[in-house]
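S.K.: Spelled out, the chains give:
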Amino acid sequence: MATTRIIAEPGTPFVEITREFDASRELLFRAHIDPDLLGQWLGPRATTTTVDHLDARDGGKWRYTTRGADGNDYGFHGVFHGTPSPDGIVQTFEFEGAPGHVCLQTVTFEEQGGRTMLRQNAVFQSVADRDGMMASGMEQGVNEGMERLDELVARMASLD
Amino acid sequence: MSGDQLSAVYGALADPTRRAILTRLTEGDANVAELAAPFKVSQPAISRHLKVLEQAGLISRRRRATARFSHLEAEPLREATVWLARYQEFWDESYDRLDALLARLRNEHSG
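As given, the protein sequences belong to chains A and B, one line each in that order. Numbering-wise, this note's numbering puts 121 at position 119 of the first sequence, and it's gapless, one number per residue. Numbering-wise, this note's numbering puts 290 at position 44 of the second sequence, and it's gapless, one number per residue.
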């Protein structure tokens with residue numbers, strides 16, 4: 003499988019993630035803005051994500067909750083800026099456990115020879131916000147084994 | 247580790263000279279003159295860097311004979327990398343699941 007690369011320079015409020023996919027950018031884009039599809043992949047394997055609403059247009063709102071391995075629900079919401087398209091998605095992102103700490107995310111899709119490079123940029127309001135968010139907000143649903151292949155196969159089989 | 251402590255650690259790590267000092271200290275304790283040797287900066291400048299590192303808990307300093315030796319404290323560094331590992335895991339696992347979903351969508355489309 004492709005490698006997820008994360009760059010988070012110390013002392014900056016930025017995080018950049020890159021990941022290549024064996025798919026067209028249109029399909030990859032659809033997986034990001036179709037509520038049914040987004041709920042099927044977002045979050046670690048031990049979590050369940052439910053998309054409450056996702057209005058993919060300029061000024062449209064989105065919200066989803068993620069149920070962690072601990073059984074607790076974590077809410078996230080934001081607003082799209084500009085019309086989301088296969089060129090890219092710009093949105094705000096706010097973890098409801100830390101209201102007022104808003105992050106600006108830009109996702110772009112660059113297709114080449116049938117494969118697509120996804121680039122995700124996040125700009126936090128401060129260095130402390132970035133480091134704090136990562137220290138607290140991402141704790142749920144980790145400590146899982148790395149046996150993802152079994153799970154993926156099971157998922158795909160159950161969908162047939 | 248609290249958010250404030252994390253910020254202090256990351257603030258300390260934001261400077262390339264300070265990162266180089268930490269790298270040097272992985273080889274063993276050193277005094278200011280030894281730490282200043284590879285750099286084109288004065289010993290007082292190195293001392294200021296050491297103070298920042300000490301306040302962030304990344305080094306401790308102890309007096310031996312007439313010189314003060316800096317010692318690397320590894321625990322805050324280890325803790326500071328934990329969040330990055332968690333973030334990595336979040337997106338790693340999400341994107342692996344997305345791979346599987348995309349494969350299924352492609353098959354549906356072609357079939």
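To be clear, the hints were calculated from the coordinates, so they are not data collected in a lab. Here the structure is a predicted model, which means the values were calculated and not measured. A couple of the hints might just be wrong.
[Claimed, not checked] Among chain B residues calculated to face chain A with C-beta under 8 Å, some are:
| no. | residue |
| --- | --- |
| 1 | 268 |
| 2 | 269 |
| 3 | 273 |
| 4 | 274 |
| 5 | 278 |
| 6 | 334 |
| 7 | 339 |
In this text, a Cβ means the ideal position worked out from N, Cα and C, and glycines have one as well.
S.K.: It remains to establish, for every hint, whether it holds in the given structure.
M.R.: Now for the hints, and whether the structure bears them out:
A distance limit of 8 Å between C-beta atoms decides the matter here; for residue 268 of chain B the minimum to chain A is near 11 Å, and the interface restraint is violated. Proximity of residue 269 of chain B to chain A is violated relative to the hint, the smallest CB-CB distance being about 14 Å (cut-off 8 Å). Because the closest C-beta pair between residue 273 of chain B and chain A is about 21 Å apart, greater than 8 Å, the hint is violated. Interface hint at residue 274 of chain B: violated, since its Cβ lies 24 Å from the closest Cβ of chain A, which is beyond the 8 Å cut-off.
Taken as an interface hint, residue 278 of chain B does not check out: its beta carbon lies about 23 Å from the nearest beta carbon of chain A, beyond 8 Å. Among the interface hints, the one on residue 334 of chain B holds; its C-beta lies about 5 Å from the nearest C-beta in chain A, closer than the 8 Å criterion. For residue 339 of chain B, the suggested interface contact is upheld, since its CB lies about 4 Å from the closest CB of chain A, less than 8 Å.
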